[in-house]
Each structure stands twice: as C-alpha cells, then as structure tokens.
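I would like the entire structure built from these sequences, with the hints used as guidance.
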Amino acid sequence: MAQQLLLSAAAAPDPITWSIVVVGIGVVFISLLIVYLFFRYLLTFILNFRLRSFARKKGIDPAAIQTVKTIQSGEVNAAIAMALYSYFNELHDVESGVITIKRVSRNYSPWSSKLYNMNNL
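Quick note on numbering that gives the first Met the number 0: the sequence shown kicks off at 0 and runs consecutively.
By construction, these hints were calculated from the structure, which means they are not laboratory data.
Incorrect hints may have been included.
[As the list claims (entries may be wrong)] Below, computed lysine to any residue pairings styled on SDA-like, alpha-carbon distance capped at 25 Å: (1) LYS57 - ASN47; (2) LYS56 - LEU42; (3) LYS57 - LEU46; (4) LYS56 - LEU41; (5) LYS57 - ILE45; (6) LYS56 - TYR35; (7) LYS56 - LEU46; (8) LYS57 - PHE44.
[Claimed, not checked] Distance ranges between label pairs, derived from CB positions: (9) GLU74 - TYR40: 33 to 39 Å; (10) THR99 - LEU31: 53 to 59 Å; (11) ASN47 - VAL22: 34 to 40 Å; (12) ARG49 - ILE98: 41 to 47 Å; (13) ILE15 - LEU36: 28 to 34 Å.
Backbone N, C-alpha and C fix where the C-beta goes; we use that ideal spot for every residue, glycine too.
Next comes the structure, spelled out in structure tokens:
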C-alpha cells in the first residue's frame, strides 16, 4: 500500500514542474533569438561602421564605399564554389584497389625484446 502511494505521487507531476519546463524552454528560445538577431543585424552594422571609418581614415568618400552585404555578389560566390569543387576533385588520384603485402623477415629487434624489460634482482 505504501509503495503504491509513493509510485502514484512520483508519477503525477506537480503544477510547478510544468511552469519550470515552460520557462526553461522559453529562456532557451529567447536566447537563440537574441543570438540570431545579434549576428544578423548588429554584427553587420558594426562591420559596416568599421569599413566606413577605415575609408574616412584613408581619405575615401564613405558614400562610395561598398557595404558588407554588397561586397560579394552571387556570381563571385558561385565562381569560388566551382574553383573549390574542381580543386578538391583533382586531389584524389585513381587507385587500382589491389593491396600487396610484402613480408620482411626480421625476427630479432632490440625494441621488441622482452629480455631488456626484465629486472635482474
């Protein structure tokens, strides 16, 4: 009887358990949203600001400088991808698939000798 009470009490979750689960999942998703927004917008703004300040130091008109998003177009990315694809495909040579094992007859080696590992008392 006492075991049944313990099992029934352990099986039924408290109302506070569900609130802790909901709050925990909410914290995780909100933190993921904040990280996404940081990398999506704030980091791009910071990089553009640094690019414009660098242009001012060099004496270039900041309006003429490209932003971070427009530095590489889709054609440039496609050309880089094709160059990498062709480079990595040329690295592999054609193998015959035949493995040969040559037996070397060196029976004694001081590195594998157990005589040197023994302690003489």
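When you take the CB atoms of ASN47 and VAL22, is the distance between them in 34 to 40 Å? Given a distance of about 37 Å, which is inside 34 to 40 Å, the answer is holds.
Would you mind confirming whether the straight-line C-alpha gap from LYS57 to ASN47 stays at or under 25 Å? holds (15 Å)
Cβ separation of GLU74 and TYR40, checked against the hinted range 33 to 39 Å: violated (26 Å)
Would you mind confirming whether the straight-line C-alpha gap from LYS56 to TYR35 stays at or under 25 Å? violated (31 Å)
Within a Cα-Cα threshold of 25 Å, do LYS56 and LEU42 meet the stated pairing? Within the cut-off at roughly 21 Å; holds.
Does the hinted range 53 to 59 Å hold for THR99 and LEU31 at CB? About 54 Å separates the Cβ atoms of THR99 and LEU31, which means 53 to 59 Å holds.
Against the 25 Å threshold, does the CA-CA distance of LYS57 and LEU46 hold or violate the hint? Distance of about 17 Å is within 25 Å: holds.
Are the Cα atoms of LYS56 and LEU41 separated by 25 Å or less? Cα-Cα ~23 Å, so holds.
Should the hint that ARG49 and ILE98 are 41 to 47 Å apart at their CB atoms be regarded as holding? Hint violated: Cβ distance 55 Å, outside 41 to 47 Å.
Straight-line Cα separation of LYS56 and LEU46 no greater than 25 Å? holds (15 Å)
Given a hinted range of 28 to 34 Å, is it respected by the beta-carbon distance of ILE15 and LEU36? Holds, at about 31 Å.
Has the given pair, LYS57 with PHE44, been kept, meaning a C-alpha gap of at most 25 Å? holds (20 Å)
The structure does not agree with the numbered hints 6, 9 and 12 stated previously, though it agrees with the rest.
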